[in-house]
Amino acid sequence: MKVNEAADPSVRTSAAAPGFIVKRDYNLNKNFPIHISRWMPSIFMEPFHWHTSFEVGYCMEGKGLFHFEDKRYEINTGDVFVVSHMEQHRAQSDPLKPCQFHFLKFDGSLIDGGENELLAPFFMKSPYFGNKIDGNQQTAVQIGALLRDIWSEMQEQDRAYTSMVRGLLIQVCTHLFRHYAKEIPAEEWNRSLQAYKKLQPALGLIHHQYHENIQLKDLAASLSLSTSRAYHLFKETMGEGFKEYLTKIRIHESKKRLSDPNVSITEVYLSCGFQGHASFYRSFKQIVGMTPKEFRKYMLTL
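Numbering (our numbering), first residue to last: 3 to 304.
Read the hints as simulated data drawn from the structure, not as lab findings.
Predicted model only: the values in this text are computed from it and were never measured.
Any given hint might turn out to be false.
[Claimed, not checked] Quick list of simulated restraints, FRET-style, between CB atoms:
#1 P97 - R231: 47 to 55 Å
#2 L98 - N264: 18 to 26 Å
#3 Q144 - E76: 17 to 25 Å
#4 P129 - G243: 45 to 53 Å
#5 R231 - H51: 42 to 50 Å
#6 K245 - F46: 31 to 39 Å
Using N, Cα and C, we set each Cβ at its ideal position, and we do this for glycine too.
Please model the complete structure; the sequences and the hints are all you need to start from.
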């Protein structure tokens, strides 16, 4: 079955007003949480955005700029970009040679068990980490070919395509894992990788129980550490504190629920772990750049 590209919002350029979300978050299919899109970034500077899904971008043609918080990279044909977990980012096309991307988004549940260390590059907070893999490197060439294959499989949806796509995804993540294991000094890589593995129970707790009243002591218990050590391990590994991370997860989930006009805003924030109206509105405005009501109104115009 072919996907109707004209009806797919992922292939359109954005014309959102300043301060509004540029690129709509996909509610990934729960049974097969992966999505690949073709996207041409706007020639105008758009607001930063972030998401909890993992993302890999491949520039098929054109030029531009890719911003990752305080870092900036030139975009050229063949370049690959890795968006770290919940990292703020935005892409901008060159007005004379607009860039076109394949963007692959997926949930970490597709890579589980003994393979979950392959997700380490998406959590790396090392100063040696670079989001861009230059198009003249073999890794970028290999990943570009794999993303084209994933696009074809997702378009055609032939028999057992989900198994094929998952196999291709594992290859993408393996190439990334090997690339960064070489690029980052061995001692730094091993330290970051071990910290990431150690933190897995805590991350699982947050992602599965964000709607509950999770405290630092719960995180510490899941890691068999003191609250002080758990706090420092989390911040060193994730680049932000436990509370900040939990709030972002809750806001991300609330954005999904706000897309449904039949659910009241009160129901939304209570179902996402917020205890009151004021804290929800304050956090939402700070992270998203608009109020929940403004966000809902915007989503209904898409």
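Holds or violated: the 45 to 53 Å window for the beta-carbon distance between P129 and G243? Distance hint for P129, G243 is violated at roughly 19 Å.
Holds or violated: the 47 to 55 Å window for the beta-carbon distance between P97 and R231? Given range 47 to 55 Å: holds, Cβ gap about 51 Å.
Kindly confirm whether 31 to 39 Å is satisfied by the beta carbon distance between K245 and F46. At roughly 34 Å between Cβ atoms, F46 and K245 fall inside 31 to 39 Å, so the hint holds.
At the C-beta level, are R231 and H51 separated by a distance inside 42 to 50 Å? 33 Å Cβ-Cβ, so the 42 to 50 Å window is violated.
For the pair Q144 and E76, does the Cβ-Cβ distance stay inside 17 to 25 Å? holds, 21 Å
18 to 26 Å as the expected CB spacing between N264 and L98, which holds or is violated: Since L98 and N264 have Cβ atoms about 45 Å apart, the given range 18 to 26 Å is violated.
Checked against the numbered hints listed earlier, the structure breaks hints 2, 4, 5; every other hint is satisfied.
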